[in-house]
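Chains as they are written, first to last, in our numbering: chain A, 1 to 532; chain B, 1 to 187.
Warning: the hint list may mix true and false statements.
What the simulated footprint calls covered on chain B by chain A, stretch by stretch (three residues with Cβ under 8 Å from a Cβ of chain A suffice, anywhere in the stretch; the number is not a length) [unchecked claim]:
| id | segment |
| --- | --- |
| 1 | 9-22 |
| 2 | 53-61 |
| 3 | 65-79 |
| 4 | 132-140 |
| 5 | 146-154 |
These aren't lab readings, by the way, just hints derived from the structure by calculation.
Ideal Cβ placement from N, Cα and C applies to all residues, glycine included.
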Amino acid sequence: MENIEVKIEELTKELLAYDKNFMAHEAELKKIIRQLLMSKPDTKFDPQFAENLRRQLLLKAEDLKTASSPRLWKSWRTLLVPAMAVAVLIFGGIYINNKNNKTVIETPLLSDKIEIDSIGKNAFGKIALNDIGSGGTGRGGGGGGSEALSATPIAAPKNADSSNTQTQTAAEPDSGTASNLANTNSLAMPTTVASPVASGMGGGGGDAKMIAPYPNYRYVYKGEPLKLTDTEVSVYKRQKGMTSSAAAQFIKQLRFGLIDMTKFNNVDVDLISLMEKKEYGYNLTINFREGIIAINENWELWPTPDKQCQTPECYDSLRLKPSDVPADEEILSIASKFLSNYNISTANYGQPQIMKFWQRDLEMATDKNQVYIPDVVSVIYPLIIEGQQVYDESGSPAGLAVNVNIRVKKASGVQELAVQKYQSSSYPAETDANRIIKLAENGGFRTIYYAQEGVKTEDIELGTPTKSLVKIWQYKNGTSDELYIPALVFPVTSAPKDSRYGYFYKTNVIVPLAKEILDDANNGGGPVPLMK
Amino acid sequence: METNLAQIIAECQAGQLEQFAVLYDAYVRKIYDFIFYRTMHKETAEDLTSLTFTKALERINTYQANKGSFSAWLYQIARNTLIDNYKNHKPTAAVEELENFASGENLEQQTEARLNLEKVKNFLQTLDEEKREIVTMRVWDGLSYKEIGDILGKSESSCKMSFLRIMEKLNKEAAFALIYLLMLKIG
Chain A
1 MENIEVKIEE
11 LTKELLAYDK
21 NFMAHEAELK
31 KIIRQLLMSK
41 PDTKFDPQFA
51 ENLRRQLLLK
61 AEDLKTASSP
71 RLWKSWRTLL
81 VPAMAVAVLI
91 FGGIYINNKN
101 NKTVIETPLL
111 SDKIEIDSIG
121 KNAFGKIALN
131 DIGSGGTGRG
141 GGGGGSEALS
151 ATPIAAPKNA
161 DSSNTQTQTA
171 AEPDSGTASN
181 LANTNSLAMP
191 TTVASPVASG
201 MGGGGGDAKM
211 IAPYPNYRYV
221 YKGEPLKLTD
231 TEVSVYKRQK
241 GMTSSAAAQF
251 IKQLRFGLID
261 MTKFNNVDVD
271 LISLMEKKEY
281 GYNLTINFRE
291 GIIAINENWE
301 LWPTPDKQCQ
311 TPECYDSLRL
321 KPSDVPADEE
331 ILSIASKFLS
341 NYNISTANYG
351 QPQIMKFWQR
361 DLEMATDKNQ
371 VYIPDVVSVI
381 YPLIIEGQQV
391 YDESGSPAGL
401 AVNVNIRVKK
411 ASGVQELAVQ
421 KYQSSSYPAE
431 TDANRIIKLA
441 ENGGFRTIYY
451 AQEGVKTEDI
461 ELGTPTKSLV
471 KIWQYKNGTS
481 DELYIPALVF
491 PVTSAPKDSR
501 YGYFYKTNVI
511 VPLAKEILDD
521 ANNGGGPVPL
531 MK
Chain B
1 METNLAQIIA
11 ECQAGQLEQF
21 AVLYDAYVRK
31 IYDFIFYRTM
41 HKETAEDLTS
51 LTFTKALERI
61 NTYQANKGSF
71 SAWLYQIARN
81 TLIDNYKNHK
91 PTAAVEELEN
101 FASGENLEQQ
111 TEARLNLEKV
121 KNFLQTLDEE
131 KREIVTMRVW
141 DGLSYKEIGD
151 ILGKSESSCK
161 MSFLRIMEKL
171 NKEAAFALIY
181 LLMLKIG
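When you get a sec, could you build the whole thing from the sequences and use the hints?
Structure representation (structure tokens):
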């Protein structure tokens, strides 16, 4: 309404300035303009439509680029034949593309196009099965804080199977999900490049004055009544195993001074690691087995000011201040330009979001200079699969992550750049809305809370959910799979704001719709105690 | 913003078409609304918005900054897309449906407007299409007179004068709120 008043004033003034005769009718004029503005229709703009169209346009842009690139089909014979031979051996199916007079060899290996093969029902077997527990894809970072903060009362798991679950839920109110990935990696996850993004998903910072005990939290659903009609949901499983046996065959022919590669059998190329030997260069790890690429700063060649520090005083003197943080537009621009520069397509991803969890601490802190501001923030481009945005189990968007070093204003790495090749299979869906809401009011599936005695209870309100996908890891037989399960995302619409306890970080509560997952969370994963 | 957009447009024209996403992000809501106000139909607005941006992406190399702003260029594409659509599908909508598009909060106005339907129809016949466009662009789309002029191929002062005269005319007429909805649909 306030905007309408401003607009009325603006339009009226310009009309009066143009024709003074209107002054006699100013009140009537305002009435007309008000009525015109009030009758402005609600355009029913659908952000999902905008997201879908954005992806389509990016795919179209890719097609147009490919179509307009001058290829050297006719003159390929003039290129270096030995290099071609090596490339053919390693990557197969190449073509030559001449951009800016540089020879480029393109390969369909590790494609950026999304592919989804629909297969039969229950095709992945028991999706809830985990050999070693189910950790989330924590975003790392965070952590720290005062001792009082780390004393958040979270119960121990009921059995060994839920050891990672405990870590996940330990992050619930404040302490971040810093240790999730470390735990899961140490157990079975073969991925070595899927490291967490740089900034914390919460937690960290803290002030010894923010004392325990924490209150008990109670989620209360305040949204519209749910109607769940689908009896089945499509579960997606990311396909891996992009190993290049052709590349292995090439390497197998080599006889190094230290070792004779010809003696090895059944060899596949698993990882390739490269480094850029230049100032602010990058390390690149291509994990063929996982179908994932990671880019990190080449530490030795990143001359950030802190590299010269030898004392705590020096580090303190370099601590970033709130005024040092670039505007969001600049951070997004750095990330976008980096991706563009390295031809990393964002066609399969949604609108980028900056993960600045410390911002919330900053807003609440009385002495803002005491809030720790990390050098690196992550820009997440949420993964979109068949129009559905992906979240991690903690309720944060999951997808391509670009780390931006805000001190030197450069992208310092990329995580979760993964081949988007999936199988989809239908599984029975939960249609009991009451059960879903009850789980949401427990803080989501796999959430374990034990209420403390003698502390107050804070309500956290949840709004009407949207349908999305939740990424979960499945551990079987010593290997891990990425599953994307349809889920309801309940937004936290109102959270406690008592600064003594720090900011309540959780923004969404996730409840999967695949019945088996919920049954497992209740049974295999032990009971889900209600928060008080 | 225009400075940044100029850089983005230059990058697009140099072949970095993925940068078109930046332009898209800046304009998708505006263009969608622009089309919706003239079709009053969500699905049609989405289809025509898709068409508009697809055309813009394909023709980005034809945009010349010295001939007008990117904004005006994009709105022109949207307007032409609308005109093409009108040629093929003359829009029809019941008055009762149109009421639902209003922002709410002014039910009284809507009721009053419905009672004045005949008067509205008569009023519509007195306004030409261009005048309706000018008021819509200024009041609902929030475009400046300069942008409106660029889109319609008229001068800024001419657009301002037209708006003024329409206000004078409206001042003498009743049924203001629904008039506009109907102007868009029936006109």
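Structure-based check of all given hints:
Coverage of the segment 9-22 of chain B by chain A holds in this model, with 9 residues showing a Cβ closer than 8 Å to a Cβ of that chain against a need of three. A stretch counts as covered by a chain when three or more of its residues have a beta carbon under 8 Å from one of that chain; for the segment 53-61 of chain B and chain A the count is 4, and the coverage holds. With a threshold of 8 Å between beta carbons, the proposed coverage of the segment 65-79 of chain B by chain A is violated, since 0 of its residues qualify and at least three are required. Counting residues of the segment 132-140 of chain B whose CB lies closer than 8 Å to any CB of chain A gives 4, so the stated coverage by that chain holds, three being the minimum.
Check result for the segment 146-154 of chain B against chain A: violated, 0 residues qualifying (beta carbon to beta carbon below 8 Å, three or more required).
Comparing the model with each earlier hint shows violations of hints 3 and 5; every other hint is respected.
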